[in-house]
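Knowing the structure of chain A, use the given hints to seat chain B on it.
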Amino acid sequence: MADPLLVIENVHKKFGELDVLSGVDLIVDRSDVVSIIGSSGSGKTTLLRCINLLEDFHEGRILIDGEPIGYMLKNGKRQRLPKSLIAQHRALTGMVFQTFNLFPHLTALKNVTLGLLKVRNLKKEEATEIARHWLDLVGVLDRQDHYPGQLSGGQQQRVAIARAIAMNPKLMLFDEVTSALDPELVNEVLNVIKDLVSDGMTMLLVTHEMRFAYDVSTKVIFMNEGRIAEQGPPSELFNNPQSTRLAEFIQNSTF
Amino acid sequence: MDLSLFLHEMWNARGAIWDGFQMTVSISALAIFCGTILGVFVGLALVYAWLPVRLIVRGYVDFIRGTPVFVLVLASYYILSGIGIQLTAFQAGVLAITAFCSTHVGEMIRGALAAIHRGQVEAAMAIGLTFRQTFQYVLMPQALRQILPTWVNAATEMVKASTLLSVIGVAELLLVTQQIISRNFLSLEFYFLAGFIYFVIDFSIERLGRFVEKKVAYS
Numbered sequence: 000m001a002d003p004l005l006v007i008e009n010v011h012k013k014f015g016e017l018d019v020l021s022g023v024d025l026i027v028d029r030s031d032v033v034s035i036i037g038s039s040g041s042g043k044t045t046l047l048r049c050i051n052l053l054e055d056f057h058e059g060r061i062l063i064d065g066e067p068i069g070y071m072l073k074n075g076k077r078q079r080l081p082k083s084l085i086a087q088h089r090a091l092t093g094m095v096f097q098t099f100n101l102f103p104h105l106t107a108l109k110n111v112t113l114g115l116l117k118v119r120n121l122k123k124e125e126a127t128e129i130a131r132h133w134l135d136l137v138g139v140l141d142r143q144d145h146y147p148g149q150l151s152g153g154q155q156q157r158v159a160i161a162r163a164i165a166m167n168p169k170l171m172l173f174d175e176v177t178s179a180l181d182p183e184l185v186n187e188v189l190n191v192i193k194d195l196v197s198d199g200m201t202m203l204l205v206t207h208e209m210r211f212a213y214d215v216s217t218k219v220i221f222m223n224e225g226r227i228a229e230q231g232p233p234s235e236l237f238n239n240p241q242s243t244r245l246a247e248f249i250q251n252s253t254f
Numbered sequence: 000m001d002l003s004l005f006l007h008e009m010w011n012a013r014g015a016i017w018d019g020f021q022m023t024v025s026i027s028a029l030a031i032f033c034g035t036i037l038g039v040f041v042g043l044a045l046v047y048a049w050l051p052v053r054l055i056v057r058g059y060v061d062f063i064r065g066t067p068v069f070v071l072v073l074a075s076y077y078i079l080s081g082i083g084i085q086l087t088a089f090q091a092g093v094l095a096i097t098a099f100c101s102t103h104v105g106e107m108i109r110g111a112l113a114a115i116h117r118g119q120v121e122a123a124m125a126i127g128l129t130f131r132q133t134f135q136y137v138l139m140p141q142a143l144r145q146i147l148p149t150w151v152n153a154a155t156e157m158v159k160a161s162t163l164l165s166v167i168g169v170a171e172l173l174l175v176t177q178q179i180i181s182r183n184f185l186s187l188e189f190y191f192l193a194g195f196i197y198f199v200i201d202f203s204i205e206r207l208g209r210f211v212e213k214k215v216a217y218s
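Chains A and B are the protein sequences, given in the same order. Using numbering that gives the first Met the number 0, read the first sequence as starting at 0 and increasing by one per residue. Using numbering that gives the first Met the number 0, read the second sequence as starting at 0 and increasing by one per residue.
Please note that the accuracy of each hint is not assured.
What the hints assert, rightly or not - Under the rule of at most 30 angstroms between Cα atoms (straight-line distance), these lysine-lysine pairs were calculated in the DSBU-like manner:
#, chain 1, residue 1, chain 2, residue 2
1, A, Lys169, A, Lys193
2, A, Lys109, A, Lys169
3, A, Lys218, A, Lys76
4, A, Lys73, A, Lys169
5, A, Lys109, A, Lys193
6, A, Lys169, A, Lys123
7, A, Lys122, B, Lys214
8, A, Lys109, A, Lys82
9, A, Lys109, B, Lys213
10, A, Lys123, B, Lys214
11, A, Lys73, A, Lys123
12, A, Lys169, A, Lys218
13, B, Lys159, A, Lys109
14, A, Lys13, A, Lys218
15, B, Lys214, A, Lys117
16, B, Lys159, A, Lys117
17, A, Lys123, B, Lys213
18, B, Lys213, B, Lys159
19, A, Lys13, A, Lys169
20, A, Lys109, A, Lys123
21, A, Lys169, A, Lys122
Hints are computed from structural coordinates only; laboratory data are not their basis.
Next comes chain A alone, as it looks inside the complex (with noise of 0.2 angstroms):
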């Protein structure tokens, strides 16, 4: 098979004693869009989050374009890399969080700008014309110098994801971006992602949106208790559920 852009290998992690994730095993190729759903407490966003190194994992690896993230070996030990280096490997994932996250004393266009000025170490005028692309792409220039408290949900998020893309990342991460948002604003958010799909992005998304997960997805995973319990193309799986689980949480959804 092709080289694969993420790779993850039986990635163990507990919360005290309880294990959220136990044996996680997957590989997305490039530009594939792959759902992850699930009921809660599945492990769905714990998964996503160990990707992004906001969460630490106790056990396996996560590889994205070959490169182990977040530990290395020494001596045999597993070892934590240190804070600068997690820094950077954060930098190849972009990550789109439910609640928006947007930072407040900032402007649209300042929270784009950010994280090219002060981690990719641009010149200003390039962080500025790279944000205002991005901006554009998502919808929202016209509003570049609103903070995010004058913005609709749908915007913020908008804003959000095009901070986290203007970053460039190898592999974008959404989680449950539209859950947060009004019945009304979720498509002006869905739409934008389908245009970072159709571009070639690599993308992960823990979603409750069923038929959008049906309509953009190359793969599905379906997690339950911690493990990815099926996969495969959205239509078999949502057609042709193997397990009981999967049946009973695939009726139980709305599409």
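Relative to chain A, chain B alone:
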């Protein structure tokens, strides 16, 4: 009340009052400035420092806040000189109020940092900012905005606390006023004048605070 007599005496005392006013403003400005900077570090230590350091700073804050400012002023003048640290009355007084100010600002910063949503740190880390950058560009600007109204309030308290330096002989506005009154016995008039001057100082600080608050508001 004899107005022309008061005006006459006030004119005679104008130089002393002006000096006292300047002294009060100097003490206050210096103590607020140093106390705020020190307070930011106190607040940081209360949230992020290694546990033993945090406990020491916690002890400092609780001790200073639990002590009347009057006692702090006396202590920094008499006790420090007793252990061989010779400070002028002015230095000792500014030190006492600086310490007092730093504990208040420290607690404000601690509270403000704790109130910032965890998602802010995560979003900053997710775009690859280091902890120091996250602190500098994301947390601190928000914390400083948040403490501004309470900080303005504390600043006016420091001006009022500066009157306590009169007991160790610093010729600030209150002591100067008392000296003037001992010469002309116009106590009501001159205390009223001093009170009015303190009001003007504190009112100016409050107006300035409001102005800055509006300038940096983001919604």
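**Request:** Please work out if Lys73 of chain A and Lys123 of chain A have their alpha carbons no farther apart than 30 angstroms.
**Result:** The hint is violated at about 40 angstroms.
**Asked** Given the proposed pairing of Lys169 of chain A with Lys193 of chain A, does the C-alpha separation stay at or below 30 angstroms?
**Response** 17 angstroms, holds
**Prompt:** Taken at face value, is the distance from the CA of Lys117 of chain A to the CA of Lys159 of chain B at most 30 angstroms?
**Reply:** 43 angstroms, violated
**Prompt:** Does the alpha-carbon distance linking Lys213 of chain B and Lys159 of chain B stay inside the 30 angstroms limit?
**Reply:** Roughly 25 angstroms between the alpha carbons, so the hint for Lys213 of chain B and Lys159 of chain B holds.
**Request:** Sort out whether Lys214 of chain B lies within 30 angstroms of Lys123 of chain A, counting only the CA atoms.
**Result:** 24 angstroms, holds
**Request:** Take a quick look at whether Lys214 of chain B and Lys117 of chain A sit within 30 angstroms of each other, Cα to Cα.
**Result:** It holds: about 25 angstroms lies between the C-alpha atoms, which stays within 30 angstroms.
**Message:** With the threshold set at 30 angstroms, check whether the alpha-carbon distance from Lys109 of chain A to Lys169 of chain A stays at or below it.
**Reply:** Holds: Lys109 of chain A and Lys169 of chain A sit about 22 angstroms apart, inside 30 angstroms.
**Message:** Between the alpha carbons of Lys218 of chain A and Lys76 of chain A, is the straight-line distance 30 angstroms or under?
**Reply:** 34 angstroms, violated
**Asked** If you draw a straight line from the CA of Lys13 of chain A to the CA of Lys169 of chain A, is it 30 angstroms or shorter?
**Response** Distance of about 27 angstroms is within 30 angstroms: holds.
**Message:** Checking one constraint from the list: CA of Lys73 of chain A to CA of Lys169 of chain A, max 30 angstroms. Satisfied?
**Reply:** It holds: about 27 angstroms lies between the C-alpha atoms, which stays within 30 angstroms.
**Prompt:** Given the hint that Lys123 of chain A pairs with Lys213 of chain B, does the C-alpha gap stay at or below 30 angstroms?
**Reply:** 27 angstroms, holds
**Prompt:** Does Lys123 of chain A lie within 30 angstroms of Lys169 of chain A when you go C-alpha to C-alpha?
**Reply:** Within the cut-off at roughly 23 angstroms; holds.
Comparing the model with each earlier hint shows violations of hints 3, 11, 13, 16; every other hint is respected.
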